[in-house]
Amino acid sequence: MRSAACPSGARKTADRSQSLGARVMIPDWVTKMRLRARALLKRRQLDCDLREELSFHLAMRQEKYQVAGMTPEDAHLAARRRFGNLTGFKEACREMWTFSWLEDLVQDVRYGLRQLRRNPGFTAVAIITLALGIGANTVIFSTVSEWLLRKPPVRDPDRLLTVSSKNVVRGYSLQPTSVLDFEAWRTQNHVFRSMAAADMEVPFTLTGGGQPQPLIGDRVTPNYFNVLGISPVLGRTFLASEGEPGHDHAVILSHALWMERYSGDPNVIGRSVELDGEPYTIVAIMPPGTDMTIFTPSLWTPLVFTAHDLSAPARANRNLTVFARLKPGVTIEQAQAEMASLAGRLAQAHPETNKGWGTTVLRLQEFLIRSANVRRGLTVLLATVGFVLLIACANIAGLLLARGAARGHEMAIRSAVGAGRLRLIRQMLAESLLIGTAGGAAGLAISVWGIHLLRYGLEFNFYVRQMNGGLYLDKTTLIFALAVSLVTAILFGFVPAVRASKTNLCGALKEGGRTESGGRGRNKMRGVLVAGEIALALLLLAGAGVMMRDLVHELTENEGFNPNHLITAAIHLKGRNYQSPAQQAAFFDLVTEKLKQLPGIQSASATSDLPLAGGPGHVTFRIEAQAPLLPSKRPVTEDIVAGPAYFRTMEISLLKGRFFTPSDNTHSPVVAIANEEFARRFFPKGNVIGQRIKLDTDHPVWAEIIGIVGNVEDYVGQLSPDAQVYESYLQTPLPDMSLVVRSPLAPSAVAPILRRAVWSVDKDQPVGDAEGGVLTMSAVANETSGGDKLMASLMGVFAALALALAAVGIYGVIAYSVNQRTHEIGIRMALGARKGDVLRLVLQQGGLLTLIGCAIGFPLALPLPRLFAALFDGFSPQGSLVAVPACLVVAVVSMLATYIPAHRASRVDPMVALRYE
Amino acid sequence: MVLARYFHKIIMAERPNPGELLRDTLDMLILKTLARGAMHGYAIAEFIEQTSEEVLRVEEGALYPALHRLEIRGWVASKWGVSGNNRRAKYYRLTGAGRTQLAEETQRWGRMATAIARILETA
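As you go down the protein sequences, you meet chains E and Y in turn.
Each residue of the first sequence is one higher than the one before, starting from 1 at the first, in our numbering.
Each residue of the second sequence is one higher than the one before, starting from 1 at the first, in our numbering.
The hints are simulated quantities; they were obtained by calculation from the structure and are not laboratory data.
Since this is a predicted model, take the numbers as computed values, not measurements.
It cannot be assumed that every hint is accurate.
[To be verified] According to the in silico footprint, chain E covers these stretches of chain Y (three or more CB under 8 Å from chain E):
{"no.": "1", "stretch": "37 to 46"}
{"no.": "2", "stretch": "88 to 94"}
{"no.": "3", "stretch": "111 to 118"}
Even for Gly, the Cβ is constructed at its ideal location relative to N, Cα and C.
Use the sequences and the hints to build the structure in full.
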């Protein structure tokens with residue numbers, strides 16, 4: 001100890017004293033940190049100084065004893081005795097100077113790494129298990145981050161509100177509003193600094209050069225961008241004068257459209273483009289990233305209020321989304337109260353259009369989340385992957401517990417030489433953190449791939465296509481993954497660490513490394529974990545089962561028409577050529593007549609609302625034979641406009657009366673066709689044919705019901721049919737219809753035929769719109785049911801993962817216990833137990849765990865259908881019995897996992913087993 | 001080998017400092033001793049033992065963690081020098097902050113001793 005070569009700089013430390021003395025005013029911790037940092041850098045120096053200092057003391061003491069007459073040896077020993085634990089004190093001094101926790105940590109990590117490398121099997125299983133759990137969580141969280149957590153791209157988003165119309169009786173909470181209501185709100189409120197309105201998602205056609213391009217645009221009040229606080233990258237926002245009729249031919253392009261169509265040319269400002277056949281001047285380009293989840297317009301034009309919009313009956317036409325910026329100091333609650341009282345006044349002043357209508361005032365972010373309607377689905381998915389992660393944690397905890405038992409001897413030695421429990425726990429936790437970090441990193445890699453896959457799954461309709469662009473591993477998601485890794489590491493590491501540190505010194509050391517008595521408790525703990533895993537896996541499996549059952553139910557239900565071999569395309573007639581209803585009717589008449597002539601086309605027609613596409617709008621109506629009612633008391637039905645050949649083309653069944661014919665036109669009495677549900681609901685006596693009704697549309701007329709047809713589903717999996725009334729488009733034409741064509745040809749062959757037929761009538765008419773081109777009916781159905789399919793398949797994948805992990809878990813426990821009991825099994829066999837007995841012995845153990853798990857999981861799974869029905873629209877609350885097959889699957893899988901080690905146990909050679917250890 | 005070192009480290013980190021019980025008192029005694037002038041560790045030990053007439057006989061080693069702790073706190077400063085018998089020794093001296101601290105400690109100790117004495121007398 002004295003011989004160690006001290007660096008020559010030893011004397012330099014003397015300088016410290018001066019500087020220290022002079023700097024007494026420096027805060028305690030600054031000095032400490034400085035000294036410690038220095039100590040960390042000059043580790044050797046410090047050790048030498050310390051050694052020299054202490055040896056000086058001992059030498060002095062020894063000298064004194066020698067002077068008193070002791071032999072040098074005795075004096076040396078006496079001095080040491082007098083000094084006490086030299087190493088201990090030295091260490092205590094060193095401790096003062098160093099960041100001991102940091103060094104300990106480094107040491108813990110280094111030691112942990114060595115331990116993990118020494119057990120590659122354990123390490124691999126733990127990391128893969130965790131990676132799967134964290135990967136699944138990260139993928140789902142990326143959607144949460146994008147759709148629930150991301151603030152909308154506007155200035156001060158928390159003070160930007162939306163005001164929507166609400167009608168409790170009809171079940172609307174986020175309806176748009178009418179022009180007149182918006183004007184009343186805007187002029188009469190005292191809580192908003194400014195209000196803007198937008199007619200969202202208007203189909204536009206960009207023409208001039210090449211094929212007509214269908215686009216989605218927003219028509220916005222000129223102050224829209226000022227209210228939102230978004231500035232263009234080029235040009236200017238709309239002028240107030242551009243909101244006047246006749247001055248509105250200005251257009252602002254989205255960054256994406258600018259890049260795509262004009263390759264980012266800055267000279268487009270001031271250039272003219274043709275929109276719906278009319279010239280518009282490009283006045284600005286918006287920055288990238290203005291998309292708000294489902295609202296992703298390609299362009300904006302000024303919103304003009306026409307004389308019709310401002311007429312009293314137009315109060316019932318609600319199609320404006322209203323944005324409002326709060327005045328400074330006003331709270332959202334005050335705004336809510338103010339708007340509620342305003343709506344109340346309007347309902348009193350205009351009962352025929354506004355009775356029952358209130359307002360919903362929300363922050364923009366909340367409005368977008370509710371409009372996209374993703375929160376509940378994401379919550380269920382997040383809970384699902386959370387459970388998967390819990391199962392993964394339980395598995396790793398189980399492995400660690402087993403390893404803790406195997407390391408009992410090591411722990412005993414450590415505590416024998418003085419390691420405290422805390423120190424042991426810390427060491428074990430360091431190992432867990434290493435697994436957590438590695439699992440997290442691997443999980444991130446998996447999630448990159450998973451998010452890619454998820455985006456691929458989010459293609460089934462226009463909105464999700466628009467929404468999936470924002471899905472990637474963003475910063476929030478990364479932080480989430482990191483936090484989850486650390487939390488799970490502590491979650492799965494803590495109990496095993498505490499257990500492992502609880503060593504029974506004497507026992508463990510005496511037994512000379514053989515399994516010690518703590519084993520039983522550990523096994524019990526592992527059993528509890530595995531039973532919990534089985535319960536969770538059962539719950540997830542039942543959840544996925546309920547989802548899938550509902551999906552199958554949806555897909556196999558009678559839609560009310562024949563969806564096979566049907567091709568459709570949306571047509572939006574725009575511009576001067578189609579201003580009169582007669583022109584609109586003529587267009588669809590011409591196109592369908594043309595299509596019918598073509599080879600391979602069985603029949604063709606047009607409709608305002610395709611089945612399974614989400615459902616037509618509702619209107620109130622009057623029945624001639626019944627006493628007149630106030631508008632708010634009138635019955636409600638769905639209203640569909642269709643061509644004469646529509647029912648034959650769709651193969652909708654006729655129950656009574658007749659279909660429309662081409663002679664039901666403007667020269668003949670107005671007629672209507674009702675569906676079965678309409679007849680049942682409003683004419684229970686069965687006298688519906690010949691009755692006259694008047695729909696409260698823009699041009700209400702009395703129409704005679706001439707036929708009853710079968711119910712048609714509005715969306716896939718509709719639980720109960722709605723009342724439907726069909727009008728003939730020859731009598732009430734519309735500019736926006738969908739062509740439907742029945743043809744045995746392949747869809748890819750029909751699409752060009754359909755396009756050619758349309759273009760032969762009008763070469764500038766786009767076929768299909770920005771939301772979809774020429775589609776098969778099943779693709780249309782998939783637009784509304786695709787989400788359910790994705791949800792069911794995600795739940796299925798996660799449930800399968802949970803089941804696999806639980807199987808690994810029970811396998812691990814049983815295999816371990818068989819391993820531990822090899823000696824015992826050997827004795828049993830030597831005493832005459834047969835293979836079957838041993839097999840039964842082990843299977844019993846697994847069976848008990850499975851039974852407990854199922855007993856916990858089964859009652860939890862029973863209310864799942866009711867839970868989902870409460871969360872999701874159109875979900876059947878029946879189907880609790882799905883828990884039974886789920887239980888069986890779980891039982892079979894876990895017994896299979898038990899069988900492998902049980903089989904191995906039954907083949908134990910008694911001789912080998914007895915020699916074991 | 002590495003493992004052994006590791007264990008060693010664990011033991012030492014966990015073991016309570018033998019001087020722990022007397023820690024505050026020992027700190028005060030050291031400061032008081034150094035108030036007489038710079039001294040090395042051995043001299044401090046000798047002084048405390050002799051002055052207290054061997055009543056306060058702790059393991060001498062306990063002195064050093066205490067000295068280092070006081071140094072980190074900035075109450076004492078150290079400097080290498082040469083001792084009477086021509087050996088290199090580390091000398092400690094009281095800093096300004098140490099002097100203030102000593103005054104405070106002495107006062108508190110006095111108050112406490114009085115209080116304890118009062119209790120013992122009345123009881």
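Outcome of the hint check:
no. : hint       : in the structure
1   : 37 to 46   : holds (count 4)
2   : 88 to 94   : holds (count 4)
3   : 111 to 118 : violated (count 0)
Violated hints amount to a single one, hint 3; each of the other numbered hints is respected by the structure.
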